[in-house]
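Since the structure of chain A is already known, use the hints to place chain B on it.
In the order they appear, the protein sequences are chains A and B. Under my numbering, think of the first position of the first sequence as 358, with each following residue one higher. Under my numbering, think of the first position of the second sequence as 15, with each following residue one higher.
Treat the hints as calculated values from the structure; they're not laboratory data. Treat the hints with caution; some may be incorrect.
[Unchecked claim] With the C-beta cut set under 7 Å, the calculated list includes, among others, these residues of chain B facing chain A:
{"#": "1", "residue": "G57"}
{"#": "2", "residue": "P58"}
{"#": "3", "residue": "G118"}
{"#": "4", "residue": "D119"}
[Stated by the list, open to error] Ranges of calculated distance between the beta carbons of each label pair, as one might list FRET restraints:
{"#": "5", "chain 1": "B", "residue 1": "T86", "chain 2": "A", "residue 2": "P465", "range": "27 to 33 Å"}
{"#": "6", "chain 1": "B", "residue 1": "T86", "chain 2": "A", "residue 2": "R366", "range": "31 to 37 Å"}
{"#": "7", "chain 1": "B", "residue 1": "T70", "chain 2": "A", "residue 2": "T372", "range": "47 to 53 Å"}
[To be verified] Residues from chain B shown here face chain A by an in silico Cβ test under 10 Å; the list is partial:
{"#": "8", "residue": "Y48"}
{"#": "9", "residue": "Y50"}
{"#": "10", "residue": "Q52"}
{"#": "11", "residue": "S55"}
{"#": "12", "residue": "Q56"}
{"#": "13", "residue": "Q59"}
{"#": "14", "residue": "Y60"}
{"#": "15", "residue": "H63"}
{"#": "16", "residue": "Y101"}
{"#": "17", "residue": "F117"}
{"#": "18", "residue": "G120"}
Just so you know, even glycine gets a beta-carbon here, dropped at the ideal spot from N, CA and C.
Next come the chains, spelled out residue by residue.
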Amino acid sequence: DVKVTQSSRYLVKRTGEKVFLECVQDMDHENMFWYRQDPGLGLRLIYFSYDVKMKEKGDIPEGYSVSREKKERFSLILESASTNQTSMYLCASSSRTAKRYNEQFFGPGTRLTVL
Amino acid sequence: DAKTTQPPSMDCAEGRAANLPCNHSTISGNEYVYWYRQIHSQGPQYIIHGLKNNETNEMASLIITEDRKSSTLILPHATLRDTAVYYCIVRGLGNTNAGKSTFGDGTTLTVKP
Numbered sequence: 358d359v360k361v362t363q364s365s366r367y368l369v370k371r372t373g374e375k376v377f378l379e380c381v382q383d384m385d386h387e388n389m390f391w392y393r394q395d396p397g398l399g400l401r402l403i404y405f406s407y408d409v410k411m412k413e414k415g416d417i418p419e420g421y422s423v424s425r426e427k428k429e430r431f432s433l434i435l436e437s438a439s440t441n442q443t444s445m446y447l448c449a450s451s452s453r454t455a456k457r458y459n460e461q462f463f464g465p466g467t468r469l470t471v472l
Numbered sequence: 015d016a017k018t019t020q021p022p023s024m025d026c027a028e029g030r031a032a033n034l035p036c037n038h039s040t041i042s043g044n045e046y047v048y049w050y051r052q053i054h055s056q057g058p059q060y061i062i063h064g065l066k067n068n069e070t071n072e073m074a075s076l077i078i079t080e081d082r083k084s085s086t087l088i089l090p091h092a093t094l095r096d097t098a099v100y101y102c103i104v105r106g107l108g109n110t111n112a113g114k115s116t117f118g119d120g121t122t123l124t125v126k127p
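The following block holds chain A by itself, in its conformation from the complex (with noise of 0.2 Å):
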């Protein structure tokens, strides 16, 4: 059974901490993916990799930065917590092979609070 996890289904921190949050997925995907979920805002798209070592911005990657050192795990960093980053963060993998591209496997969600 295909599986992605996320470190921490629900994290509170305080503004301006360091925040990392980890992605593994099981799949050997060449893509991974970083979201948000915000209630009348959808599913918006922070970061995404398609290779180790490889990251491309999304639509709203201020604020935070991406780390993938290893094909399996793509980590996101939130390098001075706020407010406004309260919010459900997604990660997600796909195949790189044609047919299955865009066929996105996410995990179950990270609820943080940022105080």
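Structure of chain B alone, referenced to chain A:
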């Protein structure tokens, strides 16, 4: 990527077919239509996708109009477990398009007993 429009909510009786519409009038020739759903407190789950022909899998059927400006996701025999938010997105292939479609608010489908 093309934008999509979906009704905010729909109800369906258990055991009946659920037909969820999506408009994507600005879709371009190389863009696919994808459907995902998100059950409460879980990540989105891929359902089906298509380019221009109708598609069917174990979960659902996808009907795309001939002009490709709209599509309908059909759940043939809806169950209570199909209650979820259903997202229709349009996306091209290739690295530059990977993941770049924003999921909108989708359609909240409520299946009632």
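Task: Contradicted hints - numbers only - done: As far as the earlier hints go, not one is violated by this structure.
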